[in-house]
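Engineer: Put together the whole structure using the sequences plus the hints.
Going down the list, the protein sequences come from chains S and G.
The first sequence: position 77 = 71 (my numbering), numbered continuously.
The second sequence: position 14 = 7 (my numbering), numbered continuously.
Quick caveat, the hints were computed from the structure, so don't treat them as lab data.
Be careful, since some hints might not be right.
Stated by the list, open to error - Here are the simulated DMTMM-like pairs of lysine to aspartate or glutamate, each with C-alpha atoms no more than 20 Å apart in a straight line:
(1) G:Lys19 <-> G:Asp196
(2) G:Lys63 <-> S:Asp227
(3) G:Lys63 <-> G:Asp80
(4) G:Lys124 <-> S:Asp227
(5) G:Lys252 <-> G:Asp240
(6) G:Lys220 <-> G:Asp196
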Amino acid sequence: MTGMFFSYIPGNSLLHRLDPRSKIIGIMLASILIFRAMSVYEMLAIGVVFSILFLLSSTTVKAVYSSVYPMRIILIFIFTIHLFFTEGSSILSVFGMNISYEGLLKGSTVTLRFIYLLMFASLLTSSTPSSLITVGIERLLRPFPLKVLGISSFDLAAMMSMSLYFVPLLHGSFNDLKDAQLSRGLDMKRHPFKAMYSLTVPMIRVAFRMADDLAMSMESRCYQGVHRTSIFDLRFGRMDFLCISIFGLLSAIIFFMPVLQDF
Amino acid sequence: MIQINDLSHRFPNGNLALDSVNLNIKKGEFVVIAGRNGSGKSTLVRHMNALLLPSSGNVIVNGMGSSDQKDHWDIRQAVSMVFQNPDSQFVGMTVEEDVAFGLENLGMASDNIRESVDRCLQFAGLSEYSKTSPIHLSGGQKQKVAIASVLAMYPECIIFDEVTSMLDHASCNDVMDLINSVHKAGKTVIHVTHRLEEATTADRLIVMDAGRIVLDDTPSNIFLSGKVSDFGLELPPIIALAKKFKDSGILQGYLALSKDELLEDLCQLILKT
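Structural biologist: Right, here's the structure in full:
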């Protein structure tokens, strides 16, 4: 389990015991801080906050690494774009393109921001089962007037939960379909466009059929998308208030760090 | 409990799936509906759960007509349905979440949901899998989860729509044992199948063909009549053998519906002679 991308690691750490809503609020605060951080000090301070939470989570380094590593191509791309396309004082020239000091700094900062985001997200997912995250999001969204948009927080929660369940199922169906087409002589290397058509069209049909069956099954089990309860009894305890307060205070300090430095 | 009067159903493409069907199912009955593919079995049972609405005629469940949309919720609470493919009916990421889904829709409190889920999983012999993802279960176990999921909603009647058609022999027997236990627990059971050996424990066997009910009697009477082959169905080998013995006068009395019953009849015959 530990080697899987954003997977849950069972445990009883402080982070595991917190209400999922506290952790989601924490992640939201952390995301705001990460995107506001500009200086090296702010980045270091966020790193310290992450380290404290990491120690409180009983999460492994491998789990955090497994959540960042699959995104390496995107991270390299983000870094390279900023490195080559930011104007400033040139420090090096590669293939006729200038690398500026400002580009290096901006590329590093933006890439580090994404790495931090992934690391904080991995803390949430490794200490909270996906079903509890879904319930937590639903409870947080419940007070908002989503009806205006024609949806309810229950619909959103159901959609999230079903997507998480259906992705591996669709992946399995896709593999079955691919094997069936290969056994019937499909040559994916010689005719890639034909292969794409032969796989996409039946796959869409399979997905629609599955969605239709699921909708029927949900309807037969009295799903209406209106008020629902949950098997998970969420309780926002004293420890949640304490953790949110401490995290909020730390966030405020980091948020106002530039002002404090000027002062 | 379920009363169907002159029910016809025409699909949007013009196909007539049900043609003037009349049926009355009593509380506590175990009814098997059999028929070849396309005979209208699944269409018929979907009307009992208000998933399909009549083109003409009416379906009344516990006094509530399926044509009235405001009664659909109550009808579905009274008559639950388990579908053919368990994979496409799971909603929860773990077994316990899936079993809880219906109860959450009914607005039950967390403690009560937990209690019901545990009880139903125990009944289905799945307690040890409560935290497992349904994806990681075998076909038979998945179908048992689907059964536990509808049992948790305390329905008076459960419809099993070809639940054994995707299972191997052993899993099929396991699921049939569970269905028989559900009936013994006092529920009305409607089991749709094309395997007639699954009808041997039923109170009543209904055979459908071309959208009509063509046979409706006890399983042994229908097997004895020898009419099932006219409608694309085949007698199970044991029952066919027992019928041959009976038709040729070797065995007398009731028709043996299982291997054990036939062996017993044959042993008694040997002892007599």
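Engineer: Indicate, hint by hint, whether the structure satisfies it.
Structural biologist: A quick look at each hint next to the structure:
1. G:Lys19 <-> G:Asp196: This hinted pair holds, its Cα atoms lying about 11 Å apart.
2. G:Lys63 <-> S:Asp227: Status violated; Cα separation ~30 Å.
3. G:Lys63 <-> G:Asp80: Violated. Lys63 of chain G to Asp80 of chain G sits at ~29 Å, over the 20 Å cutoff.
4. G:Lys124 <-> S:Asp227: holds (16 Å)
5. G:Lys252 <-> G:Asp240: holds (18 Å)
6. G:Lys220 <-> G:Asp196: holds (18 Å)
In terms of the numbered hints stated before, the structure departs from hints 2 and 3, listed from lowest to highest.
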